[in-house]
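For the record, the sequence lines run as chains Z and C.
So in the numbering used here, spot 109 of the first sequence is number 109, and the numbers just go up one at a time.
So in the numbering used here, spot 360 of the second sequence is number 360, and the numbers just go up one at a time.
Errors might be hidden in some of the hints.
Stated by the list, open to error - Facing chain C, from chain Z, some residues (calculated, C-beta under 7 angstroms):
| # | residue |
| --- | --- |
| 1 | 95 |
| 2 | 98 |
| 3 | 112 |
| 4 | 117 |
| 5 | 120 |
| 6 | 122 |
| 7 | 126 |
| 8 | 138 |
| 9 | 211 |
| 10 | 212 |
| 11 | 216 |
| 12 | 220 |
| 13 | 255 |
| 14 | 260 |
| 15 | 264 |
Claimed, not checked - Ranges between beta-carbon positions, derived for each pair:
| # | chain 1 | residue 1 | chain 2 | residue 2 | range |
| --- | --- | --- | --- | --- | --- |
| 16 | C | 369 | Z | 85 | 57 to 65 angstroms |
| 17 | C | 163 | Z | 258 | 29 to 37 angstroms |
| 18 | C | 192 | Z | 133 | 31 to 39 angstroms |
| 19 | C | 369 | Z | 109 | 37 to 45 angstroms |
| 20 | Z | 279 | C | 84 | 27 to 35 angstroms |
| 21 | Z | 89 | C | 84 | 38 to 46 angstroms |
Unchecked claim - From the derived model, a few chain Z residues whose C-beta atoms are all more than 12 angstroms from chain C:
| # | residue |
| --- | --- |
| 22 | 7 |
| 23 | 67 |
| 24 | 135 |
| 25 | 150 |
| 26 | 152 |
| 27 | 163 |
| 28 | 215 |
| 29 | 263 |
| 30 | 274 |
These are computed hints drawn from the structure, not numbers from a lab.
A quick note: this is a predicted structure, and the numbers were derived from the prediction, not measured.
Glycine residues also receive a C-beta, built at the ideal position from the N, C-alpha and C atoms.
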Amino acid sequence: MADFVQLIINGLAIGSVYALAAIGFVIVYSATGVVNFAAGQFVMFGTFAGVATLVNAQLPWPFAYGAALLIMALFGALFFVSVYLPLRRGSIVTIIIGTVAVSITMQNAALLSFGSWPFRLPSPVEDSAVSLGGAIISLHALAVVAVTAVMVAGLWLLFNRTSVGVGMRAVAQDVQAARLMGLKVNRLLAFSWILAAVLAGVAGLMLGPMWFADVNMGDPIALKAFAATIIGGFGSLPGAIVGGLFVGLSEVLGASYVSSAYKDLISFGIMIAFLLVRPQGVFGEKIQDRG
Amino acid sequence: MKITRKAGLGVTIGAAMLSFVSVAQAQQGSPILIGATVPMTGPLSLTGKQYQNSLSMAEEDINKAGGINGRHIKIVFEDTQASNGTAVNAFVKLAQETKPAFFFLSSYSTQNLATAPELSKVQVPAMYAGGADVVADKGNEWMFRIRPADSVSAEGMVKAAVDVIKAKKPGILYIQNDFGQGGAQTAAKRFEAAGIAVAGMEAYGQNDKDFSAQLLSLRNKGADAILIFNYPQDGALVLRQAKQLGFKMPLVTSSAALVPAATQLLSPSDLEGVWGVVDAFMDVSVGGRMKDYVERFKSKFGVDPDPYGLAYYDGAMLMADGMRKAGTDPKALREWLSSVKGWQGIGHVYSYDNKGNGVRDLAVVKAKPGTKTLELVQPVSLN
Chain Z
1 MADFVQLIIN GLAIGSVYAL AAIGFVIVYS ATGVVNFAAG QFVMFGTFAG VATLVNAQLP
61 WPFAYGAALL IMALFGALFF VSVYLPLRRG SIVTIIIGTV AVSITMQNAA LLSFGSWPFR
121 LPSPVEDSAV SLGGAIISLH ALAVVAVTAV MVAGLWLLFN RTSVGVGMRA VAQDVQAARL
181 MGLKVNRLLA FSWILAAVLA GVAGLMLGPM WFADVNMGDP IALKAFAATI IGGFGSLPGA
241 IVGGLFVGLS EVLGASYVSS AYKDLISFGI MIAFLLVRPQ GVFGEKIQDR G
Chain C
1 MKITRKAGLG VTIGAAMLSF VSVAQAQQGS PILIGATVPM TGPLSLTGKQ YQNSLSMAEE
61 DINKAGGING RHIKIVFEDT QASNGTAVNA FVKLAQETKP AFFFLSSYST QNLATAPELS
121 KVQVPAMYAG GADVVADKGN EWMFRIRPAD SVSAEGMVKA AVDVIKAKKP GILYIQNDFG
181 QGGAQTAAKR FEAAGIAVAG MEAYGQNDKD FSAQLLSLRN KGADAILIFN YPQDGALVLR
241 QAKQLGFKMP LVTSSAALVP AATQLLSPSD LEGVWGVVDA FMDVSVGGRM KDYVERFKSK
301 FGVDPDPYGL AYYDGAMLMA DGMRKAGTDP KALREWLSSV KGWQGIGHVY SYDNKGNGVR
361 DLAVVKAKPG TKTLELVQPV SLN
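Start from the sequences and build out the full structure, keeping to the hints where you can.
Rendered as structure tokens:
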């Protein structure tokens, strides 16, 4: 039982990070229709923003986290201005290829700036653990789950209780109608990219102490976030959360109770099964074209 | 035209100087080109950068010592990244454009296997550091290994578990690739031969970041020690997570978890109860050429050297020795390398067998209590 509790908490912690990356993915997709293949690198940048402020600049915790998230917000704005805006009139494939190119550029920029050696990003609750039902649970893992829950609650409030959030939903549904209703569409689109970057920053800051900061960490995250989005339902925020947690839990529990050698096969096998049987995912709505 | 005695003397001296310069130039000649395909970007650059640095240092040292009978060497690098295809392309590019007299290949067995057929076509000797036994078993006569084979490392780890830790029911955790699978299987066979039952074997993927399921599974199967076949970063992560899970049992890692790139990620407490089997014990306390190498490398590149990089440095020195004695003719150089016995490098004693394996010595190490400084527990020679 103790091991089961241990695995559940570890799975939820890792799944929370996947969920945050998947939410960033969904926000951008819903608002702009762009599948951001640089989403994993956004998380990697978030981790390295933490390395720059916490390890290199040695700022105190609150300032370091604040500065790292500010860097990510600026990066989101820069991405909107320098990548999305110039490409938005092109075909969707052009934009997607653009995000792939930016992903490679980001990875190599991080390699040139920080080198190939990984960093150990500290956690405010470094090496602290609690005993829960005989399992030794790291406080950082619990903190990751708690922070994700707070972020999700914040997002719900943003999208349902604020004019900015409602405007973002309106833009996501129909850009032209939103513009005709007087909404400042470009600002809302920019805010979508900024929000996605900040969420990736939070995911990166939480992930760093669990995985180490490594310039190659982005691709595996993007793959898992993608799987989470497919399983939960492309474009669905609750779907991203459930999908992320599901992928995290299936990884850890699959490795323990099925086979450690095939644990990725389990996650991606389920993703393929969804694509075949229920392509809209758990929370997605079925879209039909009428002839 | 009247030529004065003074003018005649000047012309004679000038001609003599010109001829001296041209003789010197002929001696110096164009540099001997050496090709090196190493991972300089991507996930494998963590260790690849060490090879690049140590080969650059060897190039400088060889040239300072007069080069190869008066000719300098020049090492031309190409990036293999973390891809077999890129490794082959890098090799072919060097072979076709640079036409080197000698090659250094990466330390990743899958890349070595992918490149081996191209090397056979080019017919130039090459040194490599991939550990998988299958590379040597293919019998490519142009390839010479400069590190212990994985079976040798696995044997060393089993010896450490049996002789030093006195494990009765060891578990095995391995990275799922040629290196990890080969090492784990060899270790399991060695344990079986020693009459010790293995508690269980668990695998993880190269990009995995959570090992709690595998570690808990081995503990539940009653493992009293765990052998870990790992790469640097995942090795460090396994050690950290084992501590976070409250593991008290001894852990025996393969070499990569204790290279500087990995230990800088760990705290002294993460290394409590951890033994490692490293290619070579690298510490200034060893003295002599090891001390000189460690100190010079650190002052030149700002990071501690690792045993993989040292293998490439030793390999370059061995190559230079061979070129001085046998020349740069590929077949002559290959024959000379094949006959090397007891060549004393800094990290190892090199003696090549008919499969191109040159190293069969290792070291069992452990961190000094409360520190990350490694101390030698015992050398292991499997000759």
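Verification of the supplied hints:
1. 95: Status violated, d = 26 angstroms.
2. 98: For residue 98 (chain Z), the interface hint is violated, since the closest Cβ of chain C sits about 21 angstroms away, which is over 7 angstroms.
3. 112: Hint violated; residue 112 (chain Z) Cβ to chain C Cβ min 9 angstroms, cut 7 angstroms.
4. 117: holds (5 angstroms)
5. 120: holds (5 angstroms)
6. 122: violated (10 angstroms)
7. 126: This hint is violated: residue 126 (chain Z) lies away from chain C, its Cβ roughly 9 angstroms from the closest one there, beyond 7 angstroms.
8. 138: holds (5 angstroms)
9. 211: This interface hint holds because 4 angstroms falls under the 7 angstroms limit.
10. 212: holds (6 angstroms)
11. 216: holds (4 angstroms)
12. 220: holds (4 angstroms)
13. 255: This hint holds: residue 255 (chain Z) lies near chain C, its Cβ roughly 4 angstroms from the closest one there, short of 7 angstroms.
14. 260: holds (5 angstroms)
15. 264: Given a least distance of 6 angstroms, the restraint on residue 264 (chain Z) holds.
16. C:369 - Z:85: 57 to 65 angstroms: For residue 85 (chain Z) against residue 369 (chain C), whose Cβ atoms are near 58 angstroms apart, the range 57 to 65 angstroms holds.
17. C:163 - Z:258: 29 to 37 angstroms: Hint holds: Cβ distance 36 angstroms, inside 29 to 37 angstroms.
18. C:192 - Z:133: 31 to 39 angstroms: holds (37 angstroms)
19. C:369 - Z:109: 37 to 45 angstroms: holds (41 angstroms)
20. Z:279 - C:84: 27 to 35 angstroms: holds (34 angstroms)
21. Z:89 - C:84: 38 to 46 angstroms: At roughly 39 angstroms between Cβ atoms, residue 84 (chain C) and residue 89 (chain Z) fall inside 38 to 46 angstroms, so the hint holds.
22. 7: Since the minimum Cβ distance to chain C is about 6 angstroms, residue 7 (chain Z) lies within 12 angstroms and the statement is violated.
23. 67: Label holds. Min Cβ-Cβ 23 angstroms, cutoff 12 angstroms.
24. 135: violated (9 angstroms)
25. 150: About 23 angstroms separates residue 150 (chain Z) from the closest Cβ of chain C, which puts it past 12 angstroms; holds.
26. 152: holds (22 angstroms)
27. 163: holds (39 angstroms)
28. 215: violated (9 angstroms)
29. 263: Check fails; 8 angstroms does not lie beyond 12 angstroms.
30. 274: holds (22 angstroms)
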